[in-house]
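Student: So the chains spell out like this:
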Amino acid sequence: MQKEIRQTWFFHQSPEEVWDYLTKPELLALWLMKTDFQPVVGHKFRFVCSVINDCEVLEVNPYKKLSYSWRTNSVSTGKPFDSKVVWTLTQKGDGTELQLVHDGFTALEDVTGHDEGWTRCGNRLAQLSSPVKQ
Amino acid sequence: MTTQTPDVFQVVADPSRRQMLMLLSKESMTINALAENFDMSRPAVSKHIKIMYNAGFISITDIGRERHCTLKQDGFNQLQDFIDYFDKFWETKLKKLAAVMNKRSSTNRK
Chain P
1 MQKEIRQTWF FHQSPEEVWD YLTKPELLAL WLMKTDFQPV VGHKFRFVCS
51 VINDCEVLEV NPYKKLSYSW RTNSVSTGKP FDSKVVWTLT QKGDGTELQL
101 VHDGFTALED VTGHDEGWTR CGNRLAQLSS PVKQ
Chain E
1 MTTQTPDVFQ VVADPSRRQM LMLLSKESMT INALAENFDM SRPAVSKHIK
51 IMYNAGFISI TDIGRERHCT LKQDGFNQLQ DFIDYFDKFW ETKLKKLAAV
101 MNKRSSTNRK
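Line order of the protein sequences matches chains P and E.
So for the first sequence, the numbering used here puts the first residue at 1; every next one is plus one.
So for the second sequence, the numbering used here puts the first residue at 1; every next one is plus one.
Warning: the hint list may mix true and false statements.
Straight-line Cα separation of at most 27 Å, DSS-like style, residue types lysine-lysine; simulated pairs [said to hold, decoys possible]: (1) Lys-103/E to Lys-92/P; (2) Lys-65/P to Lys-93/E; (3) Lys-93/E to Lys-84/P; (4) Lys-50/E to Lys-92/P; (5) Lys-34/P to Lys-95/E; (6) Lys-64/P to Lys-84/P.
If you're looking for bench data, these hints aren't it; they were derived computationally from the structure.
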């Protein structure tokens with residue numbers, strides 16, 4: 001049973017250039033959100049839009065892999081739930097294949113990780129995968 | 001982020017409630033039978049039940065003196081919607097990334 005978001009995209013730019021857009025705050029602000037991100041493991045930062053996402057850098061492998069925790073706070077109650085974002089960059093020809101995996105929704109783990117008995121309610125949960133975009 | 005999303009997460013964020021949902025995934029149970037599985041007071045169990053009921057995760061049927069709890073689809077659909085929401089969120093953002101990068105690249109080439 002899958003419970004993750006997985007998307008694969010191809011860009012005509014080099015991994016170095018794509019990496020810049022994933023790691024430089026002024027470039028991240030252009031397409032994602034305002035942030036005080038730094039590509040340093042353990043650095044705590046925020047993505048700010050209508051809600052605040054509290055994040056922490058987990059892995060930095062320049063031009064290849066980047067991951068951070070992603071904690072979103074409930075708009076209504078302010079209580080958080082956790083997840084994880086992983087970017088993987090692969091050079092393909094004269095461009096870059098960029099894979100995004102957003103998973104580890106902790107609150108979902110137990111509920112969706114259970115293999116038995118979800119015949120009534122599990123069918124929808126079983127579809128928690130997404131098509132690959134190329 | 002839309003405002004209706006995280007409430008269902010508050011429901012499943014609690015380990016006891018997740019365990020209750022798992023027990024109910026095997027069979028419908030009375031509140032008393034459910035309470036026997038937990039080291040907490042009956043009112044505490046009832047409070048959890050009420051939260052799950054309000055969020056659409058379970059339905060309650062009165063049979064005789066007993067209250068029977070059964071899993072309900074609505075709450076789970078909202079969780080699905082949340083995942084769908086994030087999937088679309090990233091798709092939109094990555095499309096924007098491609099547009100921003102292409103614009104910059106062509107500008108640089110001039």
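Student: None of the hints should be skipped; say for each whether it holds.
Tutor: Do the hints match the structure? See the list:
Between Lys-103/E and Lys-92/P the alpha-carbon distance is near 21 Å, which keeps this suggested pair within the 27 Å criterion. Note on Lys-65/P and Lys-93/E: the hinted pairing holds, with a Cα-Cα distance of about 19 Å set against a maximum of 27 Å. With a C-alpha separation of about 17 Å, the suggested pair Lys-93/E and Lys-84/P falls inside the 27 Å cut-off, and the hint holds. Note on Lys-50/E and Lys-92/P: the hinted pairing is violated, with a Cα-Cα distance of about 53 Å set against a maximum of 27 Å.
With a C-alpha separation of about 17 Å, the suggested pairing of Lys-34/P with Lys-95/E holds against the 27 Å cut-off. For the proposed pair Lys-64/P and Lys-84/P, the alpha carbon gap of about 17 Å is at most 27 Å, so the pair holds.
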